[in-house]
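For reference, the chains in residue letters:
There are 2 protein chains.
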Amino acid sequence: MSFQFDLEKIDTDTSARLGKIITTHGVVHTPAFMPVGTQGTVKSMLPEEIRNCGVEIILSNTYHLYLRPGYETIKRLGGLHRFISWPHPILTDSGGFQVYSLGSLRKITPDGVMFRSHIDGSEHFLSPQKAIEIQETLGADIMMCLDDCTPYPATYNQTAESLNMTIKWAKFCKTAQTNSEQSLFGIIQGGSYLDLRKQAAERITSLCFDGYALGGVSVGEPKEIMYQITDSISPLLPADKPRYLMGVGTPSDIVFAVSCGIDIFDCVIPTRCARHGLLFTNSENVVIKNARWREDGNPIDETCDCHTCRNFSRAYLRHLYIAGEILAIVLNTIHNVRYYMKLMENIRLAISENRFGKFREDYLNKETNL
Amino acid sequence: MSFQFDLEKIDTDTSARLGKIITTHGVVHTPAFMPVGTQGTVKSMLPEEIRNCGVEIILSNTYHLYLRPGYETIKRLGGLHRFISWPHPILTDSGGFQVYSLGSLRKITPDGVMFRSHIDGSEHFLSPQKAIEIQETLGADIMMCLDDCTPYPATYNQTAESLNMTIKWAKFCKTAQTNSEQSLFGIIQGGSYLDLRKQAAERITSLCFDGYALGGVSVGEPKEIMYQITDSISPLLPADKPRYLMGVGTPSDIVFAVSCGIDIFDCVIPTRCARHGLLFTNSENVVIKNARWREDGNPIDETCDCHTCRNFSRAYLRHLYIAGEILAIVLNTIHNVRYYMKLMENIRLAISENRFGKFREDYLNKETNL
Numbered sequence: 002m003s004f005q006f007d008l009e010k011i012d013t014d015t016s017a018r019l020g021k022i023i024t025t026h027g028v029v030h031t032p033a034f035m036p037v038g039t040q041g042t043v044k045s046m047l048p049e050e051i052r053n054c055g056v057e058i059i060l061s062n063t064y065h066l067y068l069r070p071g072y073e074t075i076k077r078l079g080g081l082h083r084f085i086s087w088p089h090p091i092l093t094d095s096g097g098f099q100v101y102s103l104g105s106l107r108k109i110t111p112d113g114v115m116f117r118s119h120i121d122g123s124e125h126f127l128s129p130q131k132a133i134e135i136q137e138t139l140g141a142d143i144m145m146c147l148d149d150c151t152p153y154p155a156t157y158n159q160t161a162e163s164l165n166m167t168i169k170w171a172k173f174c175k176t177a178q179t180n181s182e183q184s185l186f187g188i189i190q191g192g193s194y195l196d197l198r199k200q201a202a203e204r205i206t207s208l209c210f211d212g213y214a215l216g217g218v219s220v221g222e223p224k225e226i227m228y229q230i231t232d233s234i235s236p237l238l239p240a241d242k243p244r245y246l247m248g249v250g251t252p253s254d255i256v257f258a259v260s261c262g263i264d265i266f267d268c269v270i271p272t273r274c275a276r277h278g279l280l281f282t283n284s285e286n287v288v289i290k291n292a293r294w295r296e297d298g299n300p301i302d303e304t305c306d307c308h309t310c311r312n313f314s315r316a317y318l319r320h321l322y323i324a325g326e327i328l329a330i331v332l333n334t335i336h337n338v339r340y341y342m343k344l345m346e347n348i349r350l351a352i353s354e355n356r357f358g359k360f361r362e363d364y365l366n367k368e369t370n371l
Numbered sequence: 002m003s004f005q006f007d008l009e010k011i012d013t014d015t016s017a018r019l020g021k022i023i024t025t026h027g028v029v030h031t032p033a034f035m036p037v038g039t040q041g042t043v044k045s046m047l048p049e050e051i052r053n054c055g056v057e058i059i060l061s062n063t064y065h066l067y068l069r070p071g072y073e074t075i076k077r078l079g080g081l082h083r084f085i086s087w088p089h090p091i092l093t094d095s096g097g098f099q100v101y102s103l104g105s106l107r108k109i110t111p112d113g114v115m116f117r118s119h120i121d122g123s124e125h126f127l128s129p130q131k132a133i134e135i136q137e138t139l140g141a142d143i144m145m146c147l148d149d150c151t152p153y154p155a156t157y158n159q160t161a162e163s164l165n166m167t168i169k170w171a172k173f174c175k176t177a178q179t180n181s182e183q184s185l186f187g188i189i190q191g192g193s194y195l196d197l198r199k200q201a202a203e204r205i206t207s208l209c210f211d212g213y214a215l216g217g218v219s220v221g222e223p224k225e226i227m228y229q230i231t232d233s234i235s236p237l238l239p240a241d242k243p244r245y246l247m248g249v250g251t252p253s254d255i256v257f258a259v260s261c262g263i264d265i266f267d268c269v270i271p272t273r274c275a276r277h278g279l280l281f282t283n284s285e286n287v288v289i290k291n292a293r294w295r296e297d298g299n300p301i302d303e304t305c306d307c308h309t310c311r312n313f314s315r316a317y318l319r320h321l322y323i324a325g326e327i328l329a330i331v332l333n334t335i336h337n338v339r340y341y342m343k344l345m346e347n348i349r350l351a352i353s354e355n356r357f358g359k360f361r362e363d364y365l366n367k368e369t370n371l
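Residue numbers (the working numbering), protein chains in the order written: chain Z, 2 to 371; chain P, 2 to 371.
Hints are not guaranteed to be accurate.
Pairs involving identical chains hold if they fit within one copy or between any two copies, as the list cannot separate such chains.
Subject to a maximum C-alpha distance of 25 Å in a straight line, what follows is the list of computed SDA-like cross-link-like pairs (lysine to any residue) [as the list claims (entries may be wrong)]:
#: 1; residue 1: K76; residue 2: S3
#: 2; residue 1: K21; residue 2: R52
#: 3; residue 1: K76; residue 2: A292
#: 4; residue 1: K44; residue 2: N312
#: 5; residue 1: K76; residue 2: N299
#: 6; residue 1: K10; residue 2: S102
#: 7; residue 1: K76; residue 2: G325
#: 8; residue 1: K290; residue 2: H119
#: 9; residue 1: K290; residue 2: G71
#: 10; residue 1: K224; residue 2: A161
#: 11; residue 1: K290; residue 2: R77
#: 12; residue 1: K76; residue 2: P300
#: 13; residue 1: K44; residue 2: R276
#: 14; residue 1: K224; residue 2: N347
#: 15; residue 1: K76; residue 2: D297
#: 16; residue 1: K290; residue 2: S123
Keep in mind that the hints were calculated from the coordinates and are not lab data.
Make a model of the complete structure from these sequences and hints.
So, in structure tokens, the structure goes:
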């Protein structure tokens with residue numbers, strides 16, 4: 002079964018959408034959140050733990066896997082799904098954002114990006130064609146076009162120029178694609194300029210990709226700008242294709258963006274916060290190292306059904322965290338990933354029951370920390 | 002059900018014994034190996050993963066839990082089993098060995114040991130009575146007497162003096178015990194002097210403990226001395242009580258000691274080696290970072306039934322290890338703990354089938370690395 006998107010329902014009060022992405026490796030119910038598995042692992046989690054949290058798709062980073070262990074190596078070992086023992090859908094990014102993040106270690110040319118490895122300083126060239134070759138070789142279910150991520154702030158002219166590069170590269174990516182079993186998403190750039198974003202949406206959607214992403218958000222711009230872009234651009238995208246807001250975000254960001262019609266998200270927040278001892282709950286978020294939890298026998302969240310909450314107290318999690326134990330990271334990550342997955346389940350349920358507008362209102366009013 | 006030891010069988014060719022320890026938290030089949038859960042966690046493992054490896058009893062360290070989070074705290078949280086979510090048997094050491102390891106941070110007096118915390122430098126006094134109070138409060142199934150661990154090397158007189166302290170303290174421990182549901186083991190010291198070891202065995206066993214341990218081994222003495230002491234002292238211990246060789250050892254050490262009639266072992270080797278990427282197999286042990294595994298699609302050990310070997314290749318484990326991923330430690334630890342548990346299962350099976358002598362011979366001849 003090759004890639005397919007079934008739009009099942011649009012909310013009556015908002016633009017929220019309920020749908021299904023069907024890939025050769027399984028179904029993804031949308032709105033969906035993808036935990037980030039940068040180096041071929043969602044940090045500290047066994048694949049079965051990821052699955053038990055309700056995860057249907059993970060994101061993996063082309064840049065990291067290209068450098069280590071190498072995409073040809075992964076191919077010889079049976080592809081990425083087999084290599085990491087995750088037989089479910091995988092989206093790979095193009096490497097563009099990581100290369101962008103290298104700052105002075107990269108140089109953009111019309112044909113692609115010259116960059117130096119953060120591991121050993123070796124020099125590499127990533128072209129749009131190469132980005133597709135790598136992602137096809139890895140065997141990603143959803144591939145992303147190589148884009149030029151515009152920094153914030155950037156002038157209008159810089160942004161327009163960068164955008165032109167992204168569109169040119171998108172065409173190269175589309176042409177380079179050889180395997181229709183693997184879907185390819187276009188990326189809409191345009192920085193913080195709404196008219197450039199609109200222009201990008203028009204030009205990228207005219208290239209007919211399997212889905213569309215808003216890129217270059219959450220790169221330092223004020224949150225209002227990200228919200229405004231999401232709200233304005235999402236409705237311009239074809240209704241019958243999935244919409245992906247890259248690198249977003251907090252639970253509030255996700256609830257807001259879903260109401261704009263976004264279908265897919267990825268973010269390191271749940272996993273990174275877990276490693277730093279910040280745990281999400283439906284009331285106040287928990288900073289696990291705080292002395293107030295020293296003798297607290299309750300779980301992180303009474304209402305949570307994750308393995309951590311079913312078995313361990315805040316006091317034990319605090320002890321593990323203070324003692325620097327690896328199990329602290331393991332248990333915290335399980336909880337935060339499950340929190341995000343439960344949020345997505347609740348979002349989907351609310352849409353299906355025609356009460357997402359109320360859900361959004363309650364959620365955005367309630368949240369205290371993030 | 003309070004503590005009970007059923008000796009089921011003694012091997013015909015060697016002194017190996019098959020038995021069962023019955024505690025209020027469950028049964029332990031002997032010869033048994035206890036993974037070490039120093040700070041209330043077998044590093045990186047979920048309790049259910051520990052159990053899935055076949056573990057029936059773990060060791061936890063009184064010294065560490067006394068300092069952090071504190072034994073009164075653990076008591077208020079329902080005891081150690083509940084705190085760490087391990088409802089199966091737990092043996093706690095007395096804290097003596099950890100305090101001994103503090104070196105210049107401790108001072109021995111006739112009434113106990115004055116020591117400074119390795120965490121914050123605070124001063125504490127551990128008496129035999131206090132060691133029992135802490136272990137009873139934690140709720141250990143098997144408690145250990147506070148002993149004075151004799152360093153290696155030590156003169157005959159030093160060793161005799163230290164031994165007298167251990168025996169005096171053993172009496173205090175016995176008297177201090179208030180709960181007969183929790184068993185108490187005596188510890189035989191005597192350094193590398195066989196006659197002192199024999200004297201210790203006689204004097205300690207006359208105090209009628211629930212089991213007996215050989216302590217102060219594996220503290221730097223040549224392996225032959227440890228083997229000789231084990232071989233000579235084990236037969237002097239009451240046949241109807243379990244025998245515990247503390248802090249031992251490599252798979253070879255265990256196979257040898259079982260043949261001398263030892264029933265219980267603990268050691269950090271499987272877990273610590275896992276964290277450093279040394280993986281046990283039935284043929285050659287695997288140093289996972291080696292370049293030769295870069296594209297090796299096979300599991301660590303074809304014959305192993307652990308979660309890691311059933312799902313992941315050497316190439317993936319190498320990638321995780323080189324990339325510094327936490328999952329490397331998680332997966333390596335699962336494998337090494339399962340390796341030790343399978344070794345114990347094979348030992349018990351060999352004893353039950355009257356072929357342990359052959360098993361020992363094959364094993365000690367075969368092993369290449371450790």
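Each hint tested on the structure:
no.: 1; hint: K76 <-> S3; verdict: within (20 Å within a copy, 57 Å between copies)
no.: 2; hint: K21 <-> R52; verdict: within (18 Å within a copy, 38 Å between copies)
no.: 3; hint: K76 <-> A292; verdict: between (49 Å within a copy, 18 Å between copies)
no.: 4; hint: K44 <-> N312; verdict: both (21 Å within a copy, 17 Å between copies)
no.: 5; hint: K76 <-> N299; verdict: between (46 Å within a copy, 15 Å between copies)
no.: 6; hint: K10 <-> S102; verdict: neither (37 Å within a copy, 66 Å between copies)
no.: 7; hint: K76 <-> G325; verdict: between (37 Å within a copy, 22 Å between copies)
no.: 8; hint: K290 <-> H119; verdict: between (32 Å within a copy, 20 Å between copies)
no.: 9; hint: K290 <-> G71; verdict: between (38 Å within a copy, 16 Å between copies)
no.: 10; hint: K224 <-> A161; verdict: within (21 Å within a copy, 73 Å between copies)
no.: 11; hint: K290 <-> R77; verdict: between (44 Å within a copy, 19 Å between copies)
no.: 12; hint: K76 <-> P300; verdict: between (42 Å within a copy, 17 Å between copies)
no.: 13; hint: K44 <-> R276; verdict: both (9 Å within a copy, 16 Å between copies)
no.: 14; hint: K224 <-> N347; verdict: within (24 Å within a copy, 61 Å between copies)
no.: 15; hint: K76 <-> D297; verdict: between (48 Å within a copy, 12 Å between copies)
no.: 16; hint: K290 <-> S123; verdict: between (40 Å within a copy, 21 Å between copies)
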